[in-house]
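**Student:** Each chain, letter by letter, is given below.
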Amino acid sequence: MRNLKLKFRRIELEMSQTKLAEKVGVTRQTIGLIEAGDYNPSLKLCIAICKALDTTLNDLFWEDGENEKQ
Amino acid sequence: MKNNKNNLDERQEQTLLRIEHNGCCLAFWGLLAAIIVQIILNFDFRNLAGEWIVFMLLALYIAVGCMKQGIWDRRLKPDTSSNIAVSLTSALAAGILGFVRTVKRFPDKIAGSIATGIAYAIMIFVVCFAGLQFSAQLFKKKQSELEKEPLENEEE
Chain A
83 MRNLKLKFRR IELEMSQTKL AEKVGVTRQT IGLIEAGDYN PSLKLCIAIC
133 KALDTTLNDL FWEDGENEKQ
Chain B
0 MKNNKNNLDE RQEQTLLRIE HNGCCLAFWG LLAAIIVQII LNFDFRNLAG
50 EWIVFMLLAL YIAVGCMKQG IWDRRLKPDT SSNIAVSLTS ALAAGILGFV
100 RTVKRFPDKI AGSIATGIAY AIMIFVVCFA GLQFSAQLFK KKQSELEKEP
150 LENEEE
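Line order of the protein sequences matches chains A and B. Position in the first sequence (from 1) plus 82 gives the number in this note's numbering. Mapping to this note's numbering: the second sequence position 139 is 138, numbers consecutive.
Read the hints as simulated data drawn from the structure, not as lab findings. Watch out, some of these pointers could steer you wrong.
[Unchecked claim] Heads up, simulated DMTMM-like pairs for lysine to aspartate or glutamate below, C-alpha to C-alpha not over 20 angstroms straight-line: (1) A:LYS105 x B:GLU9; (2) A:LYS101 x B:GLU9; (3) A:LYS105 x B:ASP8; (4) A:LYS126 x B:ASP8; (5) A:LYS101 x B:ASP8; (6) B:LYS4 x A:GLU104; (7) A:LYS105 x B:GLU12; (8) A:LYS126 x B:GLU9; (9) A:LYS126 x B:GLU12; (10) A:LYS133 x B:GLU9; (11) A:LYS133 x A:GLU104.
Since we're looking at a predicted model, the values are computed, not measured.
Between the sequences and the hints, there should be enough to build the whole structure, so can you do that?
**Tutor:** Here it is as structure tokens:
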């Protein structure tokens, strides 16, 4: 399932995938795959992404019941 | 200059581990296939020594590693019925291999080849079943030890 919350938050901060990748210490491809829903990041990486985007795990990674089933 | 820093991020690390896992499987089954082919072609066992040593080391490393971590198998359970099934499969494969090897060497002695195949099968069944039963006991003992181990952050 695509992580649009992450993508929108990144765009909101006018941050490129490359810039976010640099900030959290991963490759741009990894950020792209997380946004596309093709890679499940570890909790450690989720927290690093949240800190880089100045937001919380709930805001970026929590899905309610209906979305989870999609 | 020596660089000990890991250049990979966690996703790349997972991908690399998956590639290495596939490589390990390829090496394991490839070596087994090479050994079987050479046995069928009646190669001298001395010519198999290299492959056999690498294969056994690989098998031993996996077995010991899994045992230490309390891991048995993805699908099979460490019980007698599973061990009998695995041993019978191995015995059947060994029996066929023994028959083919002997009949290739002595094409006119079919009865003798069948007897050799049966002897191979019985021998492999006994060794395999005994080994599996012994390993299953070790595994259960290790698993109960791991279950009793207190967690670092567990309250006294």
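**Student:** So, for every hint listed, does it hold in this structure?
**Tutor:** Evaluation of the provided hints:
Of the pairs offered as hints, the one joining LYS105 of chain A and GLU9 of chain B holds, with about 15 angstroms between alpha carbons and a cut-off of 20 angstroms not exceeded. For the proposed pair LYS101 of chain A and GLU9 of chain B, the alpha carbon gap of about 18 angstroms is at most 20 angstroms, so the pair holds. A threshold of 20 angstroms between alpha carbons decides the hint, and for LYS105 of chain A with ASP8 of chain B the separation of about 13 angstroms falls inside it, so the pair holds. Simply put, LYS126 of chain A and ASP8 of chain B have alpha-carbon atoms about 12 angstroms apart, close enough for the 20 angstroms limit, and the pair holds.
Distance hint between LYS101 of chain A and ASP8 of chain B is fulfilled; the C-alpha atoms sit about 15 angstroms from each other, no more than 20 angstroms. Taken as a hint, the LYS4 of chain B and GLU104 of chain A pair is honoured in the structure, with Cα atoms around 16 angstroms apart against an allowance of 20 angstroms. Using a Cα cut-off of 20 angstroms, the hinted pair LYS105 of chain A and GLU12 of chain B holds, with the two alpha carbons roughly 18 angstroms apart. The straight-line distance between the Cα atoms of LYS126 of chain A and GLU9 of chain B is roughly 10 angstroms, inside the 20 angstroms bound, and the hint therefore holds.
Straight-line distance between C-alpha atoms of LYS126 of chain A and GLU12 of chain B comes to about 14 angstroms, which keeps the hinted pair within the 20 angstroms bound. With a C-alpha separation of about 18 angstroms, the suggested pair LYS133 of chain A and GLU9 of chain B falls inside the 20 angstroms cut-off, and the hint holds. For the given pair, LYS133 of chain A sits about 13 angstroms from GLU104 of chain A by alpha-carbon distance, which is consistent with the 20 angstroms threshold.
Violated hints: none; the structure is consistent with every hint.
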